[in-house]
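Each chain, written out:
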Amino acid sequence: MSEQFEPVIVGFLCNWCSYRAADLAGTARIKYAPNLRPIRVMCSGRVDPQFVLQALRSGADGVLIAGCHPGECHYVNGNIKALRRFLLLKKTLSQWGIEDERVQLLWASASEGIVLAERVNKMTEEIRALGPLRWHDKVLGDNGAIPIPVKEI
Amino acid sequence: MGAKEKPKLAMYWASACGGCEISVLNIHENILTVDEVFDIVFFPCIADFKVKDLESYPDGYIDICLFNGAIRNSENEEMAHLLRKKSKIMVAFGSCAYEGCIPALSNLTTKDATFDKVYLNNPSIDNPEGILPQVVTKVAEGELTLPAFYHTVKSLDQTIDVDYYLPGCPPEPHQIWAVLQVVVGALLEGNPLPPAGAILGAGTAAVCEECEREKGEKTIDRFYRPYQLDPDPNQCLLEQGIICMGIATRSGCGALCPSVGIGCRGCYGPPDGVIDQGAKMLSALASVIDAGDETMEDDELEQKIQAVIDTIPDPAGTFYRFSMAHSILRRVKNGKGDS
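Going line by line, the protein sequences match chains H and V.
Numbering of the first sequence is given in our numbering, commencing with residue 1 and proceeding in unit increments.
Numbering of the second sequence is given in our numbering, commencing with residue 1001 and proceeding in unit increments.
Only chain V is shown next, with the shape it has when bound in the complex (with noise of 0.2 Å):
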C-alpha cells in the first residue's frame, strides 16, 4: 500500500493536562502499528505541526481527529472548528473533551474568582500591581494578543458536532486501541462504523459491575475522606463509607481505582439512559444513608440525616468532578455565561 493511501490521523489538546496523549503512546508497542497504519498529520504533542499546516490541509482531509480537551477560551474554540473543518471523524477523547472534566470543575465558581486565586491573592503569587492577562496589550513594538477567557467552561459536543465519544481520564491504552482497530478496520476494509454519536471504548453498565469487592445491604451513618481511613480490602468501599462514584459510573476501565481502596473517581461519565451522572450519584448515594427508625419525629429523623450529610464536604465537587460541563445546570448562578 503507497504512503498516499493512509488513511490521515491527527491528534490535538485544548484545555487539558497532556494525560490523553500519554495514554496513547500508552497503548505500548502497538503505537509502531499506530504508525505504520496510519498518516500524522497534526499531533503538536509528539511532533513540529503549525496551526498554518493544519490550515493549508483540504476540507475532509484528516480520516480521525482526536480531540481532547475542553473549551476553556476562544484558541480552544477556534481550534475545535478548524479541526471540525478538515476531519471526516472527530472523537470526543478522553473526560475534558466528553464532558469538561477537571477544567470544568471552574464553572462552579466564577470567572473573576478564578482570575483572583490564579493570579491576584495566591500564597505563591508575586504580582504587586495585579496585573491581569489582556485579550489586547499595546506596546511600544505594537499590539499583542492573548485569547479570550470564557466564563464557562464547555465539552467539545458544547462547541461543534462530534461523532464519538471516548470516556475516561485518561482513556485506557487497551480501550484506545480497541477503538482505533474498529476505525481501521472502517477506513481499510469497509466495515461499518459505530453509529454516530456513540461511546466508544467503554461498557454500558456502573464500575460496579466489574468490580469484584463484595456487596452488600448499604447503610451509612458518616462518610469517611479517604485518609481517614484504611479500607477493608475486600468489602465494598461505598458499605464502609467511602464515596465511591462507581454506582453512577460508566464502565470500561476495570474498575482499577476500587481495586486498590480508592473510591471511583466517576471519569468515564455516566452509564447509558443518565443525563446528569451527579444528580444521578446524589440519588443514590441519599438512598443509603441511615435514616434511622421510621418512627422517629420529622425532626429528629431530619437531623440525624443531616447528620450524615455533613460529612460530604463537597457535594458538588464530588459528584460533578468530571462532568461539570455536561450537567443539565452546567455551572453555577452567579456570573453570567460566555461572552
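Excised from the complex, chain H in its bound form (with noise of 0.2 Å):
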C-alpha cells in the first residue's frame, strides 16, 4: 500500500465572501479535497506577508488567500491590497525558489461555494504534483529547528 502525498494547504478566507463561499460548499455539500486548513480573516486586506512565509516555514506546502471579487470588497478596496502585495509576493517567492503553485489568490463571492471546492481540488492535485515543501528539514536543516527569537525592548 503506497500512501499518497497530502499537501496541507493554509486557507485565509475573507470574512464577508471566501469564508462565507466555504460554508455554502459545506452546506450544499459538495465533496472536495479536505487539504484546506482555512483561516478566518476579516479581509484579504488584512493578509500581512509574514503570515503567507510563517505558514511556510511551519509546514504549510501551499498558502491560498481568497477575498472577494475587486468592487465588492465590504472595506471599499482591501482586496485590491491583497492583489498588490499577493503580486509583489510571488515575485520575491519565486526569488526562492517557491513556485507559483504553491501560493494562489482566488476571488471568490458568497455564492460560490463550488467556484472555492473547485480551486482547492486544483491547488491540492497541483501542490501534490510539485511534492512537499517541508522548509524545516528540506531547506533549513536542523538549524530550522530554532525558532525565531522575539525582541522586545
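Mixed in with the good hints, there may be bad ones.
[Said to hold, decoys possible] Distance condition first, Cα-Cα at most 20 Å in a straight line; then the derived SDA-like pairs of lysine to any residue:
1) K138/H - K1304/V
2) K90/H - D1310/V
3) K91/H - K1304/V
4) K1333/V - Q95/H
5) K1304/V - N77/H
6) K138/H - A1113/V
7) K90/H - I1312/V
8) K1333/V - N77/H
9) K1117/V - Y1150/V
10) K91/H - R1222/V
11) K1333/V - S58/H
None of these hints come from the bench; they were simulated from the model.
Just so it is clear, the structure is predicted and the values come from calculations on it, not from any experiment.
Please dock the two separately framed chains into a single complex, following the hints provided.
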C-alpha cells in the first residue's frame, strides 16, 4: 500500500465572501479535497505577507488567499491591496525558488462555494505534483528548528 | 581605582567588513574614555591578541563583548562559542551579527553558486585548474586546514545566546557611545542593565519619524533606480518613486540616507513588533502602488499592477538587504541547510 502525499494548504479566507463560500460549499454538500486548513480573516487585505511566509516556514505546502471580487470588498478596496501584495509577494517568492502554484489568490463571493471547492481541488493536485515543501528539514536543516526570537525593548 | 578593577572589553569580527570597528573608533575623543574605563582584553582589529590569549582567560572573564559579523563559516561559529563562554554580556554589534546583513544576501543563492562566482567564473579570476578551497589539503609537509564554508549564513543569536543587540550598518557612533555609557553605569555604579534581549542604541518607531521630508498621500505608478532620477530635496522619496526602506526600518540613525537624497537601505532592521522586515516592506510598498480604477476588469487591473511591480528589479535583494538571516524563510529553497 503506497501512501499518497497529502499537501497541507493554509487558507486565509475573508469573512464577508470567501469564508461564506466555504460555508456554502459545506451546506451544499459539495465534495472537495480535505487539504485546506481555513483561517478566517476579516478581509483579504488583512493578510500580512508575514502570515504567508510563517505558514510556509511552519510546514504548509501551500497558501491560498481568498477574498471578494474586485469592486465588492466590504471595506471598499481591501482586496485590491491583497492583489497588489500578492503580485509583489509572488515575484519575491520566485526568488526563493518557491513555485507559483504554492501561493495562490482567489476571488470567491459568498455564493461561489463551487468556485472555492474547485480551486481547492485544483490546487491540491498541483501541489501534490510538486511534492512536499517541508521548509524546516528540507531547506533549513536542523538549524531550522530554532524559533525566531521575539525581541522586546 | 586600580587597573585590576576595570571592566574588561572585547571586540571581535566574524564575517564582517571591519566597518563596525571603524565606527567604534569614530566615537572621537570618547575613545580615550573607553580606554580609560575599560581594560581591552581582546580586540584583534586594533592590537595583537591571539586566540590562545582568549582561551587562557577564565570563563566569564570578559565583562562585555561586542561581537560583529555574521556566522559564515566554522571559524566564525567556533569564535562565537568561545567568546560566549568567556563573556558576561554578549552584544550582537551591527547588522551582520544582529540579522545577517550583506553576507547573508548569499542565502539568496547556494554555496555552489557562490563558489562558482568567487573562484571559477568571474572575469577577474584566473583559475584554469578550477581549484576550490578545501577544508583539508594534504601537502608534502602535512595537512593544511581551512574553516568549513557553511551553506547558510546565520546571525549571532542563531548560534549562541545574545544579551543585547545594537543595530546599524555600522551603528551610529553617538548610539555606540550611549550604549557604552549605560554599560559603564551598570558595571561601575550598579545601575540596572536593560532587560535581556533588548535592542540598544536605536529607537522603536520607523525611520520616517526622524525623516524631515514632507510626506503626503502616496500613489506610485512606477519605481526608479537611484541613478534614473534627481529627487526633489523636500518631498518624501517614496512618493517620488524611489524605494526607501524607511517605512519598515527601525529609527535611531537620524534618517541619514533620506536626508541626502538616497532611499533608506534598511540597516537598522525591523521596528518593534515586526518579525520579518522584508515582508513588512513588501506589504507596505505594495499598498501604495497605483492600482488604477477599481471599475477595471480583473485582467486589466492585474496587468496595471504588474507593470508597476516590474519596475522593481530585485525585490528580495532590496527588501532583505540586511535582514536575510533573520527573515522567516532565511534562505532560498534549493540547497540544503548547514552541513
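Check: Going back to the hint list, which numbers does this structure go against?
Finding: 1 and 8
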